[in-house]
Amino acid sequence: MSKQLALPKLPLFQQALSQAQNAELNKPAVVDVRTGKSFTYRQLVTAVASFREKILNGRSDLEEARVAFLCPSGYQYVVFQWAIWAAGGIAVPLCTAHPEHELLYSVTDSESSLILAHPSFHDIISKVAQSANIELKVFSDEEMSDVSEQMLPKLFDMDLSRRALIIFTSGTTGKPKGVVSTHEAISVQTSDLVTAWQWKSSDRILHVLPLHHVHGVINALQCPLYAGATVEMMEKFDNDGVWRRWIAGANGEKITIFMAVPTIYAKLIKHYNSALSEEDQAAATSACAQFRLMVSGSASLPTPVRAKWKTITKQVLLERYGTSEFGMALSQPYEVSERVEGTVGLPLPSVQVRIMAESIEGSGNYDMNVTDECEVSGSLQVKGPNVFKEYYNRPEATAKEFTEDGWYKSGDIGIRHGAKGYFSIMGRSSVDIIKTGGYKVSALEIEREMLSEESLGIFDVAVVGVEDEEWGQKVGAAVVLNAGQNLDLKTMRNILKPKLAFYKVPTLLKVVDELPKNAMGKVTKKALIPLFTEEK
Numbered sequence: 079m080s081k082q083l084a085l086p087k088l089p090l091f092q093q094a095l096s097q098a099q100n101a102e103l104n105k106p107a108v109v110d111v112r113t114g115k116s117f118t119y120r121q122l123v124t125a126v127a128s129f130r131e132k133i134l135n136g137r138s139d140l141e142e143a144r145v146a147f148l149c150p151s152g153y154q155y156v157v158f159q160w161a162i163w164a165a166g167g168i169a170v171p172l173c174t175a176h177p178e179h180e181l182l183y184s185v186t187d188s189e190s191s192l193i194l195a196h197p198s199f200h201d202i203i204s205k206v207a208q209s210a211n212i213e214l215k216v217f218s219d220e221e222m223s224d225v226s227e228q229m230l231p232k233l234f235d236m237d238l239s240r241r242a243l244i245i246f247t248s249g250t251t252g253k254p255k256g257v258v259s260t261h262e263a264i265s266v267q268t269s270d271l272v273t274a275w276q277w278k279s280s281d282r283i284l285h286v287l288p289l290h291h292v293h294g295v296i297n298a299l300q301c302p303l304y305a306g307a308t309v310e311m312m313e314k315f316d317n318d319g320v321w322r323r324w325i326a327g328a329n330g331e332k333i334t335i336f337m338a339v340p341t342i343y344a345k346l347i348k349h350y351n352s353a354l355s356e357e358d359q360a361a362a363t364s365a366c367a368q369f370r371l372m373v374s375g376s377a378s379l380p381t382p383v384r385a386k387w388k389t390i391t392k393q394v395l396l397e398r399y400g401t402s403e404f405g406m407a408l409s410q411p412y413e414v415s416e417r418v419e420g421t422v423g424l425p426l427p428s429v430q431v432r433i434m435a436e437s438i439e440g441s442g443n444y445d446m447n448v449t450d451e452c453e454v455s456g457s458l459q460v461k462g463p464n465v466f467k468e469y470y471n472r473p474e475a476t477a478k479e480f481t482e483d484g485w486y487k488s489g490d491i492g493i494r495h496g497a498k499g500y501f502s503i504m505g506r507s508s509v510d511i512i513k514t515g516g517y518k519v520s521a522l523e524i525e526r527e528m529l530s531e532e533s534l535g536i537f538d539v540a541v542v543g544v545e546d547e548e549w550g551q552k553v554g555a556a557v558v559l560n561a562g563q564n565l566d567l568k569t570m571r572n573i574l575k576p577k578l579a580f581y582k583v584p585t586l587l588k589v590v591d592e593l594p595k596n597a598m599g600k601v602t603k604k605a606l607i608p609l610f611t612e613e614k
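If you're matching positions, the sequence shown starts at 79 in the numbering used here and goes up one per residue.
Source of the hints: derived by calculation from the structure; they are not laboratory data. Since we're looking at a predicted model, the values are computed, not measured. Take these hints with a grain of salt, some might be off.
[Claimed, not checked] Calculated cross-link-like contacts (lysine-lysine; reagent style DSBU-like; alpha-carbon spacing at most 30 Å):
| no. | residue 1 | residue 2 |
| --- | --- | --- |
| 1 | K388 | K215 |
| 2 | K348 | K518 |
| 3 | K518 | K582 |
| 4 | K588 | K568 |
| 5 | K205 | K232 |
| 6 | K461 | K487 |
| 7 | K345 | K314 |
| 8 | K232 | K278 |
I would like the entire structure built from these sequences, with the hints used as guidance.
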């Protein structure tokens, strides 16, 4: 008689096991679009427990050894990640779009001792494994799905304070750091969102996000699985594929939730207007109107994108705020009528958020003991069980980012507004707050105004501070124009002067074909600054 498989008592596994025991046997947990296969919760937990044994290879516990993995978005990703956790390891998801040297950085910086991979990445990951002298194991789709029906796994105790996940920061302001989160932090981040966004087992999300950042890993993957819902995973985002899937859902399995970055919403709008027939547009609008929730995050949502999306889909995008270090901290209310444009809402149930230090427009100290009518601005700090444990192997960097009383310094500048206490994000203090002529200026505010002004003909924009002897920094704007549009500095300034304070109006302009962005749609602003050197 074969030995019964086992899984640790992690909240996520307990929820999945409950679904496996009680749900209809044919209800899918994961739909893998690439392979065209669906997997039930029973198949998932059995596969995870079985694969756990393969990873352990005779050991009882990985004891927080780091295990990196590289595979397409889909069922294999979930099994890899969960099996690493079940074996007591720390999961290190790798980016499928990274070149060899970036993959090598991730596995060496995390001191991974094992790499799991899909055959489609064999050529590149074998070079990485050889360079780093790390063991590599490659598993095909068939090996992942070929698990015989067995008894459901039994549960054993595991300390939730154990380290579970390393997500690398986006590296927009420096070298990526490995953010280490515990099982408790992941559980809190997940359960908070399930509560705040009212996830149900009847929900079905179309997952199109990268799976090496919090947005894709926690918000769009762990949440549906924790709630007993279905996650339909596309290998990568595809404009036409998304619209066709939504339209098809009107006559079949309906998608109820979608999450994306602003860049994706902008691309979907462009495709809707330029590539869909009138009949398909009508069908798409009708299908989207039935969605329960659509969420935007990982970058600031431009006002025109928000407005155009509402016109097309009848959906008001919910905006939220989070980072690799603490998952989501702030979210607009689930109730559509309570969502306020330009804000990211209120702290999630387990999270504390405060504004400290000086005002963005000048000096002055603030704390939370202000009247409800006050508008407080300054550095945004977060505290709670959702916050990460450490930057891997960087004790000094970790200590530097926490206050003496235990609050994490996000590096973002925020505003807490009047009576409702909603928060707005003004940007990163390091790249989005520009100091010019004695004033402090929010680059994100200027970007929003520029995108809102249709006469400028701008498709995308990034505002940066360019070093200057006289002004300290000058305000520079790099813009991507709509097809057939032209724009010069004088015209831009004349249009913006009635809308912005004189010191906020850009004095430098660069027209580019595209803006450099990372996998989550964030502009890598430091790469733009050299473009303005010749204009200083």
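A quick look at each hint next to the structure:
no., hint, in the structure
1, K388 with K215, "violated, 46 Å"
2, K348 with K518, "violated, 34 Å"
3, K518 with K582, "holds, 9 Å"
4, K588 with K568, "holds, 12 Å"
5, K205 with K232, "violated, 38 Å"
6, K461 with K487, "holds, 9 Å"
7, K345 with K314, "holds, 14 Å"
8, K232 with K278, "holds, 25 Å"
The structure fails hints 1, 2, 5 (numbered hints given earlier, in ascending order).
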